[in-house]
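Starting from the known structure of chain B, arrange chain Y on it as the hints suggest.
Read off the chains here:
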Amino acid sequence: MSRIGVFICHCGENISRTVDVERVAAEIGKLSGVAFATDYKYMCSDPGQNLLKKAIQEQKLTHVVVAACSPRMHEKTFRKAVEAAGLNPFLCEMANIREHCSWVHENREEATVKAIDIVSMMVERVKKNRILPGITVPVTKRSLVIGGGIAGIQAALDIADCGHEVILVEREPSIGGHMAQLSETFPTLDCSQCIMTPKMVDVANHPKIKLYTYSEIELVEGYIGNFQVTIKKKARSVDEDKCTGCGVCMTKCPQKKIPNKFDQNIGMRTAIYVPFPQAVPNTPVIDRDNCTWFKTGKCGVCKKVCGPGAVDFEQQDTLVVEAVGAIVVATGFDLYSIDEKPKGSPIKGYGEFGHGKIPDVIDGMTFERLASASGPTGGKILRPSDGKEPKQIVFIQCVGSRAREKGISYCSKVCCMYTAKHTMLYHHKVHDGQAYVFFMDARTPGKSYDEFWRRSIEEEEAVYIRGMVSRLYQKGDKIVVMGSDIAVGVQVEIETDMVVLATAVQPQKGADLLAQKLGISYDKYNFYSEAHAKLRPVECATAGIYLAGACQGPKDIPETVSQASAAAAKVMTLFSKDKLEREPIVARVREAGCVGCFACKKVCAYGAVEEKEIRDRQGNLIKVVAYVNPGVCAGCGTCQATCPSKCVELDGYTDEQIIAMIEAL
Amino acid sequence: MKELNYSYYPGCSLHASAGEYDLSTRELFKALRIGLTEIPDWFCCGATPAHNVDELLSLSLCAKNLELADKVEGDMAVACASCFSRLKTAQHVLGESDVKRKQVEKAIDAPVKLDSNVKHLLEILAKDLGLERLAAAVNKPLSGLKVACYYGCLLTRPADVPNLDCAEAPTIMERVIEAAGAETVAWTHRLECCGANFTLSRPGVVLQLTNAILESAKAAGADCIMVGCPLCHGNLDIRQKEIEGVYSTSYGLPVFYLTQLVGLSVGLGADKLGLDAMMVNPMPLLKEKGFL
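Taken in order, these protein sequences are the chains called B and Y. Numbering of the first sequence is given in the working numbering, commencing with residue 1 and proceeding in unit increments. Numbering of the second sequence is given in the working numbering, commencing with residue 1 and proceeding in unit increments.
If you're looking for bench data, these hints aren't it; they were derived computationally from the structure. Mixed in with the good hints, there may be bad ones.
[What the hints assert, rightly or not] With a Cα cut of at most 16 Å, we get these calculated EDC-like pairs of lysine to aspartate or glutamate:
1. B/K343 to Y/D165
2. Y/K140 to Y/E183
3. B/K357 to Y/E168
4. B/K348 to Y/E168
5. B/K388 to B/D450
6. B/K341 to Y/E168
7. Y/K2 to Y/D75
8. B/K343 to Y/E168
9. B/K348 to Y/D165
10. B/K341 to Y/D75
11. B/K623 to B/E611
12. B/K475 to Y/D160
[Said to hold, decoys possible] Among the chain Y residues that face chain B by a calculated CB cut under 10 Å, a handful are:
13. D160
14. T188
15. S216
16. A219
[Claimed, not checked] Calculated Cβ distances over 12 Å to all of chain B for the following chain Y residues:
17. H15
18. A16
19. E38
20. V53
21. E55
22. K100
23. E105
24. D115
25. L131
26. E132
27. R133
28. N139
29. P141
30. A186
31. L191
32. E242
Owing to the predicted nature of the structure, the values given are computational and were not obtained by experimental measurement. The beta-carbon is built from N, C-alpha and C at its ideal position, and this holds for glycine as well.
Next comes chain B alone, as it looks inside the complex (with noise of 0.2 Å):
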């Protein structure tokens, strides 16, 4: 016979305010196999956590029924709570009497008879919860890294200085990201390459990892601990450990103007090319669709003067398994385009900004690259139409960002503080200029920002305009920029000669479908969700993968290095145990009654389903059944709803449990 202890929780005022709580505990100890029920003021405070484990003591107690708030939030507290005090963990459930009762309902006599119903089923189902052994799972210590730019670098860093083997992916052909791209970073104006580039080259130098680049995730499979990774590497057709890096190849290169995406197209490049000087690795990469040798078969200079022997027109497209323990995702983003869009797409583009076909309205990060030392210009600000120096700016913020009716309906939170630096070097670079930004709101939380941004105006004399931009249009060689000055009241048209559009920050093109070869969840604007706003903000809901910078949502550097860093200790307290527990909720199949149709293999959506060969003493094949790899399973369930003999059962959620919940109402 049973003896179960219920304890209901007062959440405060939470749940007492609609439920009459001791009306529950006066109901519920009457029911047969309840040896004890009381309630207490808070339940998961530390008094309230004693009086579970002294009454499981005095009464004897053989299961526990906690009627509180979700599991989701105090499950794991109410189960060690328990297991301290000698009982299986497994033999506690918990009750919600709080979202899914006091907090959705007013009237207090409906909600209490509600409560009593919950706390009964849960009641009737402990009753039948068996003592569930704990599984233990081997941890792989090596972490992927997926995205080399400042967060990638980052995780990669911290994870390896700690001793730990990393695998860091990059999809293009050198690590370095966007933060490579930057001119100088605010709030303390120093070079962005400056701080960059000894990172990357300590990741080339790191003994603990190992760097892929132009590679892609092409699969991946298994589970906390222990993950296969299948990794494309792109056909580079340059031998990596043949080339010195010496350069030749591409001065030789006769195709010098294909535009530099690592420039944002206003810079040219060679068809074998490294993306800008610092590149980490420096070993070239030939982009064949624009290489004569591979559009016509002639050429191959870049060939004849390697002296090493490293270019390798046959290189083909190679696939690396590795195995890890755990996953840093670091994928950053990418930035709105202004195009026009596709038909179907929420995005809309900008219209009345000509669908970017004005060559002096550029993006930011072109600003970037005009302004950086190292760019197409080397640093001077000059316009991409005629090349001439731009005696007026315009910058324009949420481009894109808080605009419902383009399709984006939050803040990019980076452009702010990006526009007010881009305005003091442009003053810099060009004494005489004036620049002009029509901004919103000026949104500057952060260490030393509002300074910073109050200095652009204050010393660097850029006029703010607080309104929006209806339209631009071309006259002439001067663009019109039509807006409104609401602080005013006023339409104001300036003739101007260049703008720059603070255009919304977007997770990277694929961020999608690299969530779903993940198994991990994304929002509408595909940026990955944490899983918990507040409380876990760098884990994934899926154990084992971890979050890093702008691919979770806008972000600064700062805030980008720190998460990287956060996520880095997550790995790193993965990685302190050799074992892993897991909680033993999975599927188990009654082997006797298996036919062994495999619908469950098929509706698996975590791969945990295996097959499994019955023989007997002498060795011959009886039948083959399925067989549910506890490591794997996820306690989904979906395989219990869809046996047709029904012989997978998941535990805690038998059939049987059901039924007597649904006979307790």
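Just chain Y now, kept in the frame of chain B:
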């Protein structure tokens, strides 16, 4: 091929100052063998005054007209940009708000028709008839005529209401007139406001705004302007001489309704297009280009 038939809502302007729009619309549709039946007993959509004074009134006027149109076969064909905008707005607002819909149903004593299709003439030519069939009907292509297509405010905006074309960078007028063999010019002021009915209360504002439009069209090398709105037409055409005086300039840009230009291309004569009603005389231009 399916026969095209529409219920026709001319709107007040087409029975008054924009008589040539009405005439050319009927003649063009006849020439293209598109059925057009004027809605019996139609009345004013409320235009700009009604919705500025009383929302219920403005919605009810449109709702009642929609109900009348429902009794005639075919989707509703609307020529005036303002009527088009009001009818579409009424459908949009009543579709979003149950409360307003019930009020209006009480006021007009009939159920509100939200599912009927209200179509601007441009939509009928470009989508229902289709550009290919339109081009096939052209027997006097407008070769060498440079047209500045002027949308004004209401044909495409606000973004989610008329759904005629992209609100910020539409091309439907250009596509239609190119099908008629004309050239179009890329110009900057095709979506700017002409000042609309401030033409009576604040003519100074209208002169300034309309001047900017004419200046931009002229600078882009246009021979003429094409419109789909009687009020824009009034400001650009009737006010043009006055503007030339005030700004000491000369534009001489004839302002055509889209149906007049398309009508020319399918071989309709000047008498069937009401070309004599235009203030800026188009005859010299049309003769020079050899269209008449």
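Results of checking the hints against the structure:
A threshold of 16 Å between alpha carbons decides the hint, and for B/K343 with Y/D165 the separation of about 12 Å falls inside it, so the pair holds. Distance restraint check for Y/K140 and Y/E183: the Cα-Cα separation of roughly 14 Å lies within the 16 Å cut-off, and the hinted pair is therefore satisfied. This hinted pair checks out: B/K357 and Y/E168 have alpha carbons roughly 14 Å apart, not beyond 16 Å. For a cut-off of 16 Å, the pair hint linking B/K348 to Y/E168 stands: about 10 Å separates their Cα positions.
Restraint check for B/K388 and B/D450: not satisfied, since their Cα atoms lie roughly 33 Å apart, outside the 16 Å limit. Simply put, B/K341 and Y/E168 have alpha-carbon atoms about 13 Å apart, close enough for the 16 Å limit, and the pair holds. Restraint check for Y/K2 and Y/D75: satisfied, since their Cα atoms lie roughly 14 Å apart, inside the 16 Å limit. A distance of roughly 15 Å separates the Cα atoms of B/K343 and Y/E168; the hinted pair therefore holds under the 16 Å criterion.
For the proposed pair B/K348 and Y/D165, the alpha carbon gap of about 13 Å is at most 16 Å, so the pair holds. At roughly 30 Å between alpha-carbon atoms, B/K341 and Y/D75 are farther apart than 16 Å, so this suggested pair is violated. The suggested pairing of B/K623 with B/E611 holds, with an alpha-carbon distance near 10 Å, which does not exceed 16 Å. Note on B/K475 and Y/D160: the hinted pairing is violated, with a Cα-Cα distance of about 30 Å set against a maximum of 16 Å.
Contact between Y/D160 and chain B, as hinted, is supported at the beta carbon level, the nearest pair being about 8 Å apart and thus within 10 Å. Taking 10 Å as the C-beta contact cut-off toward chain B, the hint placing Y/T188 at the interface holds, the least distance being around 4 Å. The beta carbon of Y/S216 comes within 9 Å of a beta carbon in chain B, closer than 10 Å, and the hint placing it at the interface holds. For Y/A219, the interface hint holds, since its Cβ comes within 10 Å of a Cβ in chain B; the closest pair sits about 9 Å apart.
Distance check for Y/H15 against chain B: the nearest CB is about 35 Å away, which clears 12 Å, and the non-interface claim stands. Against chain B, the non-interface label of Y/A16 holds: every CB pair exceeds 12 Å, the least being about 32 Å. For Y/E38, the non-interface assignment is confirmed: its Cβ lies about 35 Å from the closest Cβ of chain B, beyond the 12 Å cut-off. Every C-beta of chain B lies more than 12 Å from that of Y/V53, the closest at about 25 Å, which supports listing it as non-interface.
No beta-carbon of chain B is positioned within 12 Å of the beta-carbon of Y/E55; the least distance is around 22 Å. Non-interface status of Y/K100 relative to chain B is upheld: no Cβ of that chain comes within 12 Å, the nearest being about 22 Å off. At roughly 30 Å, the least C-beta separation between Y/E105 and chain B is larger than 12 Å, which holds for a residue marked as non-interface. For Y/D115, the condition that its CB be more than 12 Å from all CB atoms of chain B holds, with the nearest at approximately 23 Å.
Even its closest Cβ contact with chain B, about 17 Å, leaves Y/L131 beyond 12 Å, as expected for a residue assigned away from the interface. Even its closest Cβ contact with chain B, about 20 Å, leaves Y/E132 beyond 12 Å, as expected for a residue assigned away from the interface. Every CB of chain B lies more than 12 Å from the CB of Y/R133, the least distance being 23 Å, so the non-interface label holds. Every beta carbon of chain B lies more than 12 Å from that of Y/N139, the smallest distance being close to 33 Å; the non-interface claim holds.
Consistency note on Y/P141: stated as away from chain B, and its beta-carbon is indeed over 12 Å from all of that chain's, at 28 Å minimum. The beta carbon of Y/A186 sits about 10 Å from the closest Cβ of chain B, which is not more than 12 Å, so the claim that it is off the interface is violated. With a minimum CB-CB distance of about 8 Å to chain B, Y/L191 fails to clear the 12 Å threshold, and the non-interface call is violated. The non-interface label for Y/E242 is consistent with chain B: the shortest C-beta to C-beta separation is roughly 23 Å, beyond 12 Å.
Figure legend: structure checked against the earlier numbered hints; hints not met, in rising order: 5, 10, 12, 30 and 31.
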